[in-house]
Amino acid sequence: MKKSVHIALTMLAALGVGACGGGNSPAGTGSSSSTIKAAWIYVGPTADHGWTQAHDEGRKYVEQQLGSAVQTTFKENVPEGPQVAQVVEDLIRDGNKIIFGTSFGFQDAMYTEAQKHPDIKFEQATGTKTASNMGEYFGAAEDADYLTGMALGAASKKGKIGFVAPFPIPEVIREINAISLGAQVTHPGATVQVVWTNTWFDPTKEKQAAESLLGRGVDAIGQGQDSPATGDAAKAKGIPWSGYDSDQSSYAPDVWLTGTVYHWGPYYTRQVKAVKDGTWKSDNYYGSIGDAMIGLAPFGKSVPASVQTQITNKMDALKNGSFYEFTGPLKDQSGAVHVPAGKKLTVDELYAMDWFVQGVIGSPKGG
Amino acid sequence: MNNTILVVIAASAISYGTPLLFAALGELLAERSGVLNLGVEGMMLMGAVSGFWAVQTIGGPGWVVLLVAVLVAALVAAATSLIHAVLTISLRASQIVSGLALTIFAGASGLSSYVGHVASLGGQPARHEFAAIDVLGLKDLPIIGPILLHQNALTYLSWALVAVALFYLYRTRPGLHLRAVGESPATADAMGVNVTVYRYVHVMLGGALAGIGGAFFSLAITPGWLDGMTSGAGWIAIALVIFAFWRPELALVGAYLFGAFSSLGFTLQTRQVHLPPEVFSSLPYLMTIVVLVLVSTGWARQRLGAPASLGVPYVREER
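Chains as they are written, first to last, in numbering that gives the first Met the number 0: chain A, 0 to 366; chain B, 0 to 318.
In case anyone wonders, no lab produced these hints; they're calculated from the structure.
Keep in mind that this is a model prediction, so the values were computed, not measured.
Among the clues, some could well be false.
Unchecked claim - Residues on chain A that point at chain B, a partial pick, calculated with CB under 10 Å:
1. His-48
2. Gly-80
3. Gly-161
4. Asp-201
5. Glu-205
6. Leu-213
7. Ser-305
8. Gly-365
Even for Gly, the Cβ is constructed at its ideal location relative to N, Cα and C.
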């Protein structure tokens, strides 16, 4: 009896230790003085077919571009919480000189760590806090979101569009507003109903949220989530669907419209190279569809050629600056004018956006 | 009419309750033999990953592949449960410790994620999946159409299994023996029932059903593989067995109740009912705690049918 308990306990202990490892180091461990170590922290798995995958493709792009001059590492599935600081400490101990945090919830821990380690460069995606050794970067996803909205509006017969949204924070609110404005171009009077999942990545919940919208009779559906689970729900009902982060068309090709995609690679390459050359400066970089940090995924076969042309023309206007989606007059949900005619929202205003445009159903404060 | 709130909730209760039902039925059989297995979550994840692996690897017509995938999931999870069986039945280790070890070993960030990683299953769209079947073309029938006549094959299988389990437990000799083993293994032994064999078989049956429950996630709910994709369903299933007083028909009711809770928050949100999301994500666990408190009294255990020898290793007197 005693012996068997002992076996079980030993097994438990062994497993406990085994369960702790979560990181991956795809490159070798040897490093020379001419090699710079760069690390990425991801909130989801690298194969999420969404947000994290887009960042990881950026990391691989850096490896391709800089070759043996760089050695990259990533930590995936890092929860937004106290663990972030520990992960950062580990990465610094391993000799990483620049660390990219790729989820909004990493920001506070990244900032605290940046204060502690002035010789290490920190780069935080989608946040707002900067320091002399911490920069921020993001892309104006709203440019492509607006175009995605046009595709959704055109695909919806009743003008009832659903949107599966993660957290009620400015970047997501921006996305929903841009999609709504775009949808109202191709389908005047279209509404966008929002359901908050309060998670970036939980396919089961994302699917349930999508189903709850389909149960309300929406006939086109978009998402700001990191997985393509919304597409699963849309496919089952044959409802047109727009994705986010990466080209997710392979999940439900028949109902796929398009989606906002990110190309992080060129930015990452510039920043890693700058650290290596000693020219890195703290910045709050806001890429756009104009500098190709943001793009539109290939259209699905259900998008008619005329709609494709309409969207492509609008994309050209966005690129050459003759059109900007957040230009007044913009009305809020109550119908009151929130942005006066002719005024363009500034980046600071975009980063503080906490209101929905007219036509959005749901609360910008969350579920 | 089929978009009214109750129909939507009922249909999703069945969709998301089915994996709980499979796992709970399995755990129920194991516990009826007197073995508590807390490794359900780990076994479900092994089923999920191996079932998805099979779907991506095996060639042939869709339905054959899916059938084989379910069998693979059941076999792999049953093999996983064998660890628990050996430790607790033959070596008489603590069932609690062994079960927990199994979940840590096989579960999220354990063997299942290792397998998923090695076979690079993450991020692959499923080649085949269990889609909802339009039974007799009646899916649009008012109310019962979306609820009962538009589910997938595994859901219908789970209904059949409830009936089989009921018949087995209460109408057959092996079922009677099983209950005897769980209530009083010494008596069963004296009757000539092989306690060890009964316990092994039912722990492994429990593993197989947990595996199918896990495969329901990777082949039906969100076809694909993700680390820890069952996200605690195994634990809910264990609570469900108690909630159901160790009776298959009540496990069905409980599974759908918990299934309903899992998506109720979103359904209410689309109806402009705003409650803190934490309320809904914690509801199944809250209910479980309440039920556990209720049944933890000795009176309730006796009245509600907990197998009397649950958790106790069986040692023959002469040994």
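- request: Under 10 Å, Cβ to Cβ, is where A:His-48 needs to be relative to chain B, so tell me if that hint holds or is violated.
  value: Holds - the Cβ of A:His-48 comes within 10 Å of chain B, reaching about 5 Å at its closest.
message: Min Cβ distance, A:Gly-161 to chain B: is it shorter than 10 Å?
response: 8 Å, holds
- prompt: Can we keep the A:Glu-205 interface hint, with Cβ of chain B closer than 10 Å?
  reply: Cβ of A:Glu-205 sits 8 Å from chain B, so the hint holds.
field: Minimum beta-carbon distance criterion (10 Å), A:Gly-365 to chain B
entry: Where the cut-off is 10 Å and the nearest Cβ of chain B is about 7 Å from A:Gly-365, the hint holds.
- request: Classify the hint on A:Leu-213 as holds or violated, based on whether any CB of chain B lies nearer than 10 Å to its CB.
  value: 9 Å, holds
message: Does the closest beta carbon of chain B sit nearer than 10 Å to the beta carbon of A:Gly-80?
response: 15 Å, violated
task: With chain B as the partner, please determine if A:Ser-305 meets the hint condition of a C-beta pair closer than 10 Å.
output: For A:Ser-305, the interface hint is violated, since the closest Cβ of chain B sits about 29 Å away, which is over 10 Å.
- prompt: Would the stated hint for A:Asp-201 survive a check requiring a Cβ distance to chain B of less than 10 Å?
  reply: 7 Å, holds
Of the numbered hints listed earlier, those contradicted by the structure are 2, 7.
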